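Asker: Each chain, written out:
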Amino acid sequence: MTNLFNYIDRKSKVHDLTGATKFVCLLLWSFAAMYTYDTRFLLALTALSLILFPLSKIRVKDVSFMLGFTAVFMILNNVLVYLFSPQHGTEIYGTCTYLFGLTGKYAPTKEQLFYHFNYFLKYLASIPVVILFVSTTNPSEFAASLNKIGVKYSIAYSVALALRYIPDVQKEYDEISKAQQARGIEMSKKATLINRIKSAAAILIPLILTSMDRVEIVSNAMELRGFGKNKKRTWYMGRPFKASDILAMAFCVLLVVIAALLNIINKSRFYNPFV
Amino acid sequence: MRKFSVKTVVATGIGAALFFVLGRFVAIPSGIPNTNISIQYGVLAFISAVFGPIAGLLSGLIGHFFIDFSFGWGVWWSWVIASAVFGCAMGFATKKMDIEGGVFTGKNIAIFNIAQVISHIIAWVVIAPTLDILIYQEPANKVYLQGLTGAGVNILTTAIVGTLLCVAYAATKPKKDSLKEEN
Numbered sequence: 001m002t003n004l005f006n007y008i009d010r011k012s013k014v015h016d017l018t019g020a021t022k023f024v025c026l027l028l029w030s031f032a033a034m035y036t037y038d039t040r041f042l043l044a045l046t047a048l049s050l051i052l053f054p055l056s057k058i059r060v061k062d063v064s065f066m067l068g069f070t071a072v073f074m075i076l077n078n079v080l081v082y083l084f085s086p087q088h089g090t091e092i093y094g095t096c097t098y099l100f101g102l103t104g105k106y107a108p109t110k111e112q113l114f115y116h117f118n119y120f121l122k123y124l125a126s127i128p129v130v131i132l133f134v135s136t137t138n139p140s141e142f143a144a145s146l147n148k149i150g151v152k153y154s155i156a157y158s159v160a161l162a163l164r165y166i167p168d169v170q171k172e173y174d175e176i177s178k179a180q181q182a183r184g185i186e187m188s189k190k191a192t193l194i195n196r197i198k199s200a201a202a203i204l205i206p207l208i209l210t211s212m213d214r215v216e217i218v219s220n221a222m223e224l225r226g227f228g229k230n231k232k233r234t235w236y237m238g239r240p241f242k243a244s245d246i247l248a249m250a251f252c253v254l255l256v257v258i259a260a261l262l263n264i265i266n267k268s269r270f271y272n273p274f275v
Numbered sequence: 001m002r003k004f005s006v007k008t009v010v011a012t013g014i015g016a017a018l019f020f021v022l023g024r025f026v027a028i029p030s031g032i033p034n035t036n037i038s039i040q041y042g043v044l045a046f047i048s049a050v051f052g053p054i055a056g057l058l059s060g061l062i063g064h065f066f067i068d069f070s071f072g073w074g075v076w077w078s079w080v081i082a083s084a085v086f087g088c089a090m091g092f093a094t095k096k097m098d099i100e101g102g103v104f105t106g107k108n109i110a111i112f113n114i115a116q117v118i119s120h121i122i123a124w125v126v127i128a129p130t131l132d133i134l135i136y137q138e139p140a141n142k143v144y145l146q147g148l149t150g151a152g153v154n155i156l157t158t159a160i161v162g163t164l165l166c167v168a169y170a171a172t173k174p175k176k177d178s179l180k181e182e183n
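Line by line, the protein sequences are chains W and B.
So the first sequence is numbered by this note's numbering: it starts at 1 and just counts up by one.
So the second sequence is numbered by this note's numbering: it starts at 1 and just counts up by one.
The set of hints was computed from the structure by calculation and includes no laboratory data.
The structure presented is a predicted model; accordingly, all values stated were derived computationally and were not measured.
Warning: the hint list may mix true and false statements.
Straight line, CA to CA, 30 Å or less: simulated DSS-like cross-link-like pairs of lysine-lysine [unchecked claim]:
id: 1; chain 1: W; residue 1: Lys-231; chain 2: W; residue 2: Lys-152
id: 2; chain 1: W; residue 1: Lys-110; chain 2: B; residue 2: Lys-142
id: 3; chain 1: W; residue 1: Lys-229; chain 2: W; residue 2: Lys-148
id: 4; chain 1: B; residue 1: Lys-107; chain 2: B; residue 2: Lys-95
id: 5; chain 1: W; residue 1: Lys-152; chain 2: B; residue 2: Lys-95
id: 6; chain 1: W; residue 1: Lys-232; chain 2: B; residue 2: Lys-7
id: 7; chain 1: B; residue 1: Lys-7; chain 2: B; residue 2: Lys-96
id: 8; chain 1: W; residue 1: Lys-13; chain 2: W; residue 2: Lys-148
id: 9; chain 1: W; residue 1: Lys-229; chain 2: B; residue 2: Lys-7
id: 10; chain 1: B; residue 1: Lys-95; chain 2: W; residue 2: Lys-231
id: 11; chain 1: B; residue 1: Lys-96; chain 2: W; residue 2: Lys-152
id: 12; chain 1: W; residue 1: Lys-198; chain 2: B; residue 2: Lys-95
id: 13; chain 1: W; residue 1: Lys-231; chain 2: B; residue 2: Lys-7
id: 14; chain 1: W; residue 1: Lys-13; chain 2: W; residue 2: Lys-61
id: 15; chain 1: B; residue 1: Lys-96; chain 2: W; residue 2: Lys-198
id: 16; chain 1: W; residue 1: Lys-171; chain 2: W; residue 2: Lys-198
id: 17; chain 1: B; residue 1: Lys-173; chain 2: W; residue 2: Lys-171
id: 18; chain 1: B; residue 1: Lys-7; chain 2: W; residue 2: Lys-152
id: 19; chain 1: W; residue 1: Lys-148; chain 2: B; residue 2: Lys-7
id: 20; chain 1: B; residue 1: Lys-7; chain 2: W; residue 2: Lys-171
id: 21; chain 1: B; residue 1: Lys-95; chain 2: W; residue 2: Lys-229
id: 22; chain 1: B; residue 1: Lys-142; chain 2: W; residue 2: Lys-267
Here are some chain W residues the structure puts well away from chain B; computed CB gaps all over 12 Å [said to hold, decoys possible]:
id: 23; residue: Leu-43
id: 24; residue: Gly-150
id: 25; residue: Lys-242
All C-beta atoms in this analysis are idealised placements derived from N, C-alpha and C, irrespective of residue type, glycine included.
From just these sequences and the hints, can you work out the full model?
Answerer: Have a look at this one:
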């Protein structure tokens with residue numbers, strides 16, 4: 001339960017950055033990685049993100065199960081792309097070079113393999129940063145810091161409320177589910193699909209009704225304390241920006257600029273070595 | 001109720017928490033390997049219908065973001081945004097309904113279900129695949145098939161779970177003029 005979000009509390013340069021900075025950096029970094037398919041740039045991003053790991057004192061061992069998830073996801077996606085569109089590379093790069101003397105729809109081409117390599121790199125360039133963000137950002141501080149980067153505080157407060165009530169809802173779901181199972185509802189593969197969804201509803205209805213009561217109680221309590229009266233509010237977990245925060249954000253802005261420039265230089269989102 | 005009140009803030013937070021817990025921990029096997037039925041969309045449709053489009057949009061956005069966040073496989077913005085769009089569209093489509101006042105009868109059930117089918121199709125067959133193509137340049141036929149499968153499963157679960165939730169919740173609310181003066 002305590003490790004729901006995989007946050008790992010250590011002392012490091014990356015942990016020292018505020019949650020807002022890390023969130024902005026994550027957005028900019030992902031945007032840069034999504035924006036261009038330039039192989040050289042993606043390779044550079046991947047190398048950079050691997051340097052960030054020792055800097056943040058996160059070991060591969062700490063995040064190995066997350067990497068496992070990612071690997072399965074990545075392989076599945078690559079296989080699907082190949083099955084659905086074995087000539088996708090040719091469409092993008094405009095040439096068609098068959099390998100191993102094979103021809104036909106599913107024959108491997110240089111372009112297709114290069115496309116898969118790029119597709120693979122795209123994950124590799126963006127996912128380690130997400131894993132870093134997840135493991136170095138305290139969720140409560142993240143909610144507090146959203147307000148600082150211009151998100152309305154009522155929305156930031158919703159995020160904080162969600163984080164506060166996830167464990168409660170989870171516990172409640174568990175209790176109701178056990179009570180209903182004791183009364184004989186079947187959720188496993190033995191029941192038919194429609195029955196399974198129906199029994200899910202038998203658990204959900206009590207869960208939703210208690211949650212609605214909770215909405216009532218919490219909003220009354222907040223209203224009594226004057227929530228929403230002032231234009232600003234302070235945060236228990238909030239921290240001020242430091243020089244390193246500004247520097248990190250500036251660096252990520254630079255990454256986006258480079259990605260945009262590369263798209264102009266390449267005249268498309270792809271780096272094309274075949275022409 | 002249609003402005004951004006304290007109640008909307010709280011409903012958004014708790015709605016997102018529900019969405020997260022159901023999406024992250026409740027796995028109902030569908031029979032197809034590695035595919036679980038996501039009942040959270042039934043709940044999201046219910047939240048949108050009761051608390052309006054803003055609560056629906058933000059519950060979907062925050063809840064889905066945290067699901068991706070906690071799995072650690074990267075945040076799939078295209079799908080996160082599609083969830084948010086579904087919540088928002090449902091909120092607008094059900095704006096005239098008065099579930100809070102205990103009314104959810106035949107005509108409302110029909111509108112609710114037509115709205116959810118259209119919203120799911122907009123979210124999963126139009127928005128999610130289009131963003132997938134824009135962001136990741138994936139082949140079109142792959143992402144549209146994924147979108148269609150997702151929409152189909154979600155429509156089925158929302159039809160059952162969402163409708164049942166609305167009926168059950170409306171039944172707990174006292175109706176207007178439900179008390180009569182006795183002479």
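Asker: Any hints this thing doesn't respect? Which numbers, in order?
Answerer: Structure breaks no hint.
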